[in-house]
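If you want the building blocks of each chain, they are given just below.
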Amino acid sequence: MMAANIQQQRIINEQLRREAEIPRIRVSETCRIMMKYMADHANDDCLLNGFPSQNLNPFREKSSCSVL
Amino acid sequence: MSETQPTNVNDKMSSLMKEAECLKFKLEEERQKLNDVSLSSIAERLEQIAFVNIKPRKVLKGHQAKVLCTDWSPDKRHIISSSQDGRLIIWDAFTTNKEHAVTMPTTWIMACAYAPSGNYVACGGLDNKVTVYPITSDEEMAVKKRTVGTHTSYMSCCIYPNSDQQILTGSGDSTCALWDVESGQLLQSFHGHSGDVMAIDLAPNETGNTFVSGSCDRMAFIWDMRSGQVVQSFEGHQSDVNSVKFHPSGDAIATGSDDSSCRLFDMRADREVAVFSKESIIFGVNSVDFSVSGRLLFAGYNDYTVNLWDTLKSERICLLYGHENKVSCVQVSPDGTALSTGSWDYTIRVWA
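Protein chains in written order, with this note's numbering: chain S, 606 to 673; chain D, 1020 to 1371.
Quick caveat, the hints were computed from the structure, so don't treat them as lab data.
Using N, Cα and C, we set each Cβ at its ideal position, and we do this for glycine too.
Treat each hint with caution, since some may be false.
[Claimed, not checked] Computed footprint of chain D on chain S; a stretch qualifies when at least three of its residues, placed anywhere within it, have a C-beta under 8 Å from a C-beta of chain D:
#	stretch
1	617-631
2	635-642
3	651-659
[As the list claims (entries may be wrong)] Here are some chain D residues the structure puts well away from chain S; computed CB gaps all over 10 Å:
#	residue
4	E1038
5	N1054
6	S1057
7	L1065
8	A1112
9	K1163
10	H1210
11	Q1251
12	D1259
13	K1297
14	N1321
15	T1366
[Said to hold, decoys possible] Here are the simulated BS3-like pairs of lysine-lysine, each with C-alpha atoms no more than 25 Å apart in a straight line:
#	chain 1	residue 1	chain 2	residue 2
16	D	K1164	S	K667
17	D	K1164	D	K1085
18	S	K641	D	K1164
19	D	K1052	S	K641
My request is simple: use the sequences and hints to build the entire structure.
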């Protein structure tokens, strides 16, 4: 039991050691990159900006006109 | 020998624990060094999102118990749902018609997922198994089902990484597992969480080798699928993490928790960069998803509402009312035109 706990703790420590070594970027920089991504993709975002025309919305209620 | 050994073992354990504490301290120090500004302060100069025109469009009725999970088809039109009633239903979300219904020999089907081809669905729950159904006629679906993998506790989530050939699952046994669909072979198992795994999501931009998991141990882990190792770990939540989702850029993850907050963790800064909470929100979050640009964060709550958050400003934009019980799942359609929400009120709603 104890040996298993030690083995478990070893794995956790290894993980922490790996995590400590990963490269990091400043928050200011990552946030700017994220904001640019959102701005670049805003035009494709129908939930954010709506549809250019409601006719393009496949989920809208069909207007109740009959076929002549 | 028998007298000295326990002491040695205890010494070893305590020195390992001490080292772990040091490593955690160092890790936090390193993260803090690069925490030069907050996301919301950078986003301050951006214009506020004044108005979002999202309306309730469809109500999908047919389940006889709580809806637990939904998934959009790659065709952006169909939705599969799984329920406490033991049924899977495939819906045409345009017309609200039920196209297929399959009854499983279990209740509480907690997870369902479309294969990338749209020709198969994977599902499971309290049966501890992940089962694959081909999408054909109802009779054939039941006959041609195949059990791919089995956990030692309930299966809470499943997802196809890359192809129809593999399925990634998360379980109440606190592990995740990668299965080969054809052979049912366990390709890789992912040990690290100390609580039930509640949610997984695949990184969008890479070659499909990274995924994130959220757990009742309050942590979110980033995993390397090939090595089976944790690459990054994020803590901050005060309770179970019920939902995890990659930002469409692939550089951040959002989490939803029983502590009634959502959080945004940036992977390159290796830290939390935003918290989405309000004093008036006291109910847990069951599910989160982003709009296609990543600017909007949708979150489904136990108070029957869906909240829309501005990812950048950490401000709530509006609420979506309609469900009459807990909102268990929210998902933006693959092309970003609609949001589906599933609830314990037995219905699925589509908003657009």
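*With 10 Å as the threshold, tell me whether T1366 (chain D) passes as away from chain S on beta-carbon distances.*
Per Cβ check, T1366 (chain D) is outside 10 Å of chain S; nearest 15 Å; holds.
_Please check whether the beta-carbon of Q1251 (chain D) is more than 10 Å away from every beta-carbon in chain S._
violated (6 Å)
*Run the C-beta distances from L1065 (chain D) to all of chain S and say if the shortest one exceeds 10 Å.*
Answer for L1065 (chain D): violated, closest chain S Cβ roughly 7 Å.
*K1163 (chain D): least C-beta distance to chain S exceeds 10 Å?*
The claim holds: K1163 (chain D) sits with its nearest Cβ about 31 Å from chain S, beyond 10 Å.
*Holds or violated: K1164 (chain D) with K667 (chain S), Cα cutoff 25 Å?*
Outside the cut-off at roughly 37 Å; violated.
*Looking at E1038 (chain D) again, its CB stays over 10 Å from all of chain S?*
violated (6 Å)
*Taking C-beta pairs only, is H1210 (chain D) more than 10 Å away from all of chain S?*
violated (8 Å)
*Is the nearest CB of chain S more than 10 Å from the CB of D1259 (chain D)?*
For D1259 (chain D), whose nearest Cβ neighbour in chain S is about 20 Å away, the distance exceeds 10 Å, so it holds.
*Compute the least Cβ-Cβ separation between N1321 (chain D) and chain S, then decide whether it is above 10 Å.*
holds (23 Å)
*Compute the least Cβ-Cβ separation between A1112 (chain D) and chain S, then decide whether it is above 10 Å.*
violated (7 Å)
_chain D covers the stretch 635-642 of chain S, three or more CB atoms within 8 Å, holds or violated_ = Since 7 is at least three, the answer is holds.
*Do the alpha carbons of K1052 (chain D) and K641 (chain S) lie within 25 Å of each other, as the hint requires?*
holds (24 Å)
When held up to the earlier numbered hints, the structure conflicts with 4, 5, 6, 7, 8, 10, 11, 16, 18 and fits the remainder.
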